[in-house]
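Colleague: Sequences listed follow chains P and D, in order. Residues in the first sequence are numbered consecutively from 1, following the numbering used here. Residues in the second sequence are numbered consecutively from 1001, following the numbering used here.
It is worth saying that the hints were derived from the structure and are not from the lab. Positions of the beta carbon are idealized from the N, C-alpha and C atoms, including for glycine. One thing to keep in mind: the hints can contain errors.
[Stated by the list, open to error] Over 12 Å on every C-beta distance to chain D, these chain P residues come out as not near it, computed from the model: (1) I23; (2) L94; (3) V101; (4) N143; (5) I171; (6) P174; (7) P184; (8) K198; (9) R199.
[Claimed, not checked] From the structure, some residues in chain P lie toward chain D, with a derived Cβ separation under 7 Å: (10) R27; (11) D29; (12) L173; (13) L175; (14) I176.
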Amino acid sequence: MKFLRQFAARIVGQSIRVFARAITAVRADWQGIEPVPRQRVYFANHTSNGDMPMIWSVLPPAMRRTVRPVAAADYWLKNKLRAFVGPEVFNCVLVDRRPEVQDKPMDKIIAALDEGSSLIIFPEGNRNMTDDLLLPFKAGLFNMGVARPQVDLVPTWVANLTAIMPKGEIIPLPLICTVTFGEPIHVQQGESKDDFLKRASDALAALAPEDRK
Amino acid sequence: MNSTTEDILLLTLGSFGILIAMTFVGEVLRAREEPGFNNPMLDTYMTRVQSWWGMVAFIGLALLLGRFGVMTLFAFASFAALREFLTLTAKARADHLSLALAFFAVLPLQYVFIGFGWDGLYAIFIPVYAFLLLPIVSALRGNANRFLMRVAETQWALMISVFCVSHVPALMNLDFYGNGDRSLLLVAFLVMVVQLGDLLEYFFGRRIGKTRIAPGLSPKTWEGLGCGVISAMLIGALLSWITPFGVAGAMGMAGVASLVGMFGSLVVAAIKRDRGVKDWSHLIPGQGGFVDQLDSVIFAAPIFYHLTKFFYA
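Given only the sequences and the hints, what does the whole structure look like? Please build it.
Modeller: Okay, structure coming up:
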C-alpha cells in the first residue's frame, strides 16, 4: 500500500511537471547558482498558487528529490486530494499559521534543514495581490539564516504568474514562465534582522524583469 | 504510393542530404580545431543544424501524414507563436477572458475553418470577428488604462501568430485543375524557398554584406538580401516541378515570397528591439523561439496564398 502511494505520488508529480512545461514552457534561468545538489533555501516571490509547482518543476530530478516546500497546513490539509499532493507529491514541510496553535513552525523548518533537505519558502508570507513588486518579508528567512548559517539562501524570481493565473480566474493563460535563480546570500556577522530582510528583498527584486521594476 | 507521396519523400530525403552535408562540414571544421580551443561561431552553427534536423523531420513527417498532419503541426506552431507573442504584449487583468478566448477559441476555430476549407470564413474570422469581439470582452471589465494599446497588441498577436501562420496549411485548400492532393506540395515549396532564402541571405550577408538596411534594427544588408532573393528564385526554379507555376512562375513566386519574408523578419526584429529581448523564447535551441524561426514564413504565407489563388487556382 505504501509502495502504491509512493508510485501514485511520482506519477502525479511527473504529470504536474509535464503540464507546467506544456502550458507555460517554464524554464530555469540559473543566473547566480549552478543546478547542482547543494543545500539551499530558495526564497521566492508569491503571487499565485502556481508559484511553488513552477519552481519545483524546473529543478533537475536530483535536486527535486531533496527539496521541500514550506507551505501552509490549512491550505494543504483542506481535503483528501490536497493532503495527498502537498505532503506526498511535493513533500511539503507543513506549518500551521493559526496563532492559537502552538505549532512552532521554525522547529519543523530547522529539523528539515538538519535532515539535509533544501527548502522553498515564500518570505512575504502571503500571496501578493498588490501592484508592489514585493510585500515586506517576514522574519522566518532571517531566523533560518542565523540558525543554519552554512545554508545558501537563494533569491528566486517567478515571472509572469500574475498574468497566467490571477486570483479569481479559472482558466490559466498559456504564457511563458521563467524562474530566475540569483546569487546566494547569507546573514552577515552582526547584521540586524531588518537590514538583512531589506538586503534579501532587494536581491530578489533585482531579478524581476525590466517592465516590473 | 501515389506521386505526391513520392515527391514528398524525395524532398525530405533531399533536405536530409543537405543537412548531412552541413553536419559533415561542421564536423570537419571541429576536427581541425586545436584541442581545448572553442569556436563559439561553430557551436552556434552546429546547434542550428541540429535544430534544422528536427524541423525537417517534423515537417516531412507532417507532409507524409497529409492534410491532418500539416494542420496539426501548424496549429501547434500557432499556439507556440501566440504564447511567445502574448508573453511580451501589454495586458491587464481585465483582458484575462479575452486572452483566454484568443488561445482556446479563436485559434482552434481558425484551424477548424481551414480544415473544412471554408475560405470565405477563415479569411475574415480574425480580421473582422476577433477584431471586433475581443475588445468588447475586454471593455466589459471596465478598465480603461492603456486600453487601445492592450487590444491593439492582442490583435497584432493574433494576426501574426494565428491568421498568418494558418495560411500555410490553407494552401492545401487551393485546387488546381483537379490535381488532387498536390496542393500539399505548395506547403513544402513555400517553406523551402523562404527558409533556404533566409539561410543564404545570412550567409551572403556575412560574406559580402556592407550596406545595412535598417542599422538600428538588424544586421541585414541590401547585398545579403539581394543574393538571398536571387538564391530563393533559383531554388524556386529547381523546385518548379512540384508546383503548378511553371519555371518562370515558380521563380517569380519564390522571389516575392522570399522578399516579403525578409522584410517581415525586419518588422519582427523591430518588435523585439522595442521590447528589449533578443529572442522570443528559448524553445528551439540555437534559433530562439518559434516566431524567430517562422518570422519570414509568417509574412510570406498570406501573400503567397492570395497570389497563388488569384493567378493559378
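Colleague: Against this structure, judge whether each hint is valid.
Modeller: Evaluated hints:
For I23 (chain P), the shortest C-beta to C-beta distance to chain D comes to about 9 Å, within the 12 Å cut-off, and the non-interface label is violated. Against chain D, the non-interface label of L94 (chain P) holds: every CB pair exceeds 12 Å, the least being about 31 Å. Here V101 (chain P) stays apart from chain D, with its beta-carbon at least about 34 Å from theirs, past the 12 Å limit. Every beta carbon of chain D lies more than 12 Å from that of N143 (chain P), the smallest distance being close to 35 Å; the non-interface claim holds.
With a least CB separation of 4 Å from chain D, I171 (chain P) falls inside the 12 Å interface cut-off, contrary to its annotation. Against the 12 Å criterion, P174 (chain P) falls within the reach of chain D, whose nearest CB is about 5 Å from its own CB. Here P184 (chain P) stays apart from chain D, with its beta-carbon at least about 24 Å from theirs, past the 12 Å limit. Every CB of chain D is more than 12 Å from the CB of K198 (chain P) (nearest about 28 Å), matching its label as outside the interface.
At roughly 27 Å, the least C-beta separation between R199 (chain P) and chain D is larger than 12 Å, which holds for a residue marked as non-interface. Given hint, R27 (chain P) at the interface with chain D, holds; its Cβ is 6 Å from that chain's nearest Cβ, closer than 7 Å. Nearest Cβ of chain D to the Cβ of D29 (chain P): about 9 Å, over the 7 Å cut. The hint is violated. Because the beta carbon of L173 (chain P) sits about 5 Å from the nearest beta carbon in chain D, less than 7 Å, this interface hint is met.
Look at L175 (chain P): its Cβ gets to within about 5 Å of chain D, closer than 7 Å, so that hint holds up. Taking 7 Å as the C-beta contact cut-off toward chain D, the hint placing I176 (chain P) at the interface holds, the least distance being around 4 Å.
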